[in-house]
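Visitor: The hints should help you fit chain G onto chain S, whose structure is shown.
There are 2 protein chains.
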Amino acid sequence: MDFTEKTISGERIYSGKVINVDVEEVGLPNGKTSKRELVRHPGAVAVIAVTKENNIVMVRQYRKALEKEILEIPAGKMEAGEEPHVTAGRELEEETGYKPLALKKIASFYTAPGFCDELVHLYEADIDKPGRPFTDEDEFVQVEEISLQEAEEAVQQNLIHDAKTMYAVQYLRLRINEQ
Amino acid sequence: MDFTEKTISGERIYSGKVINVDVEEVGLPNGKTSKRELVRHPGAVAVIAVTKENNIVMVRQYRKALEKEILEIPAGKMEAGEEPHVTAGRELEEETGYKPLALKKIASFYTAPGFCDELVHLYEADIDKPGRPFTDEDEFVQVEEISLQEAEEAVQQNLIHDAKTMYAVQYLRLRINEQ
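Sequence order for the protein chains is S and G. For the first sequence, the positions run 1 to 179 when the UniProt record's numbering is used. For the second sequence, the positions run 1 to 179 when the UniProt record's numbering is used.
Bound-form chain S, shown alone (with noise of 0.2 Å):
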């Protein structure tokens, strides 16, 4: 059965900075129709690092949409034309001052497949030692370095409290399982 949603007529309500809103009228299946509001986002990386010590490099910063700080893995927003690995070391060495030696896709994922198109890229990083962060004029973070299982402590106490950086915990857990 096909379910393809037939674009109707649409109408672009927003056009921001990060986002841009459309609000589509769409035709179902079964003949009717409905009305989609879709959230237009150019796509985002992420990236685990881990330290010679066996820390992750997270940062530390506060989130406006949740009006509070969190601990994240680093990561940032694709600027038009960029491919995703050069968006992950230049947001890698903005946000916490270690230039990856080298990059290595670990997994892509839809964050809100149900009404944006946002993708973030996962990446790991191999590197080095850290030089000094330099980050965007309107960005305020602060790098910390935990272990893994103070990173699995942070998501029960919600400190780690969003999927990229949830799942980034996870796949070192199930590598270091593994080995």
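Hints listed in this document are in silico derivations from the structure and should not be mistaken for laboratory results. Please note: incorrect hints may appear among the correct ones.
[Stated by the list, open to error] Derived list of chain S stretches under chain G, where covered just means 3 residues or more per stretch with a C-beta under 8 Å from a C-beta of chain G:
#1 33–40
#2 67–78
#3 84–98
#4 125–134
#5 160–174
[Unchecked claim] Computed spacing ranges between beta-carbons, pair by pair:
#6 82(G) with 82(S): 49 to 57 Å
#7 33(G) with 94(S): 19 to 27 Å
#8 1(S) with 158(G): 36 to 44 Å
#9 53(S) with 158(G): 28 to 36 Å
#10 15(S) with 147(G): 28 to 36 Å
#11 60(S) with 27(G): 37 to 45 Å
#12 11(G) with 178(S): 43 to 51 Å
#13 130(S) with 3(G): 17 to 25 Å
#14 178(S) with 144(G): 21 to 29 Å
[What the hints assert, rightly or not] Derived list of chain S stretches under chain G, where covered just means 3 residues or more per stretch with a C-beta under 8 Å from a C-beta of chain G:
#15 10–18
#16 21–27
#17 146–155
All C-beta atoms in this analysis are idealised placements derived from N, C-alpha and C, irrespective of residue type, glycine included.
Guide: Chain G alone, transformed into the frame defined by chain S:
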């Protein structure tokens, strides 16, 4: 250091069926201001259900935001005033016909904390025999039951392609490996 971003002014750009969109002017820690685009979402649940035959209950559905079909674990947004475990039981039964015998909370995660407050509550359900699904009138889903290995292959093929489902697949793999 206090990274809190205080709201100076805000405007509701869009009030929708699923999401609302706010644009806020915020005060930054350095005294400057910036604009934050914020998508408000009521929150959602997702359910891991494994059959007696050791297959994961998945639903195939067309996602307009992605313009394609993907395989996901059963999920849905919370209705006003609804407790997450109630949503979990309701969505599982509506989408798949399986009535949960018991529900266990596994995790909660923000899907896109950079711009959206959607929090997904992930449950694991004990299930018995399936009944008959009864989805919403604008929702078309097809139930598919696949093994963990098939799910991991579906991840490789980008047929499973969203964070909550990929997190769930990793969760099941971790648990099986730890047995």
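Visitor: So, against the hints stated earlier in the document, which numbers end up violated here?
Guide: 3, 4, 6, 8, 10, 11, 17
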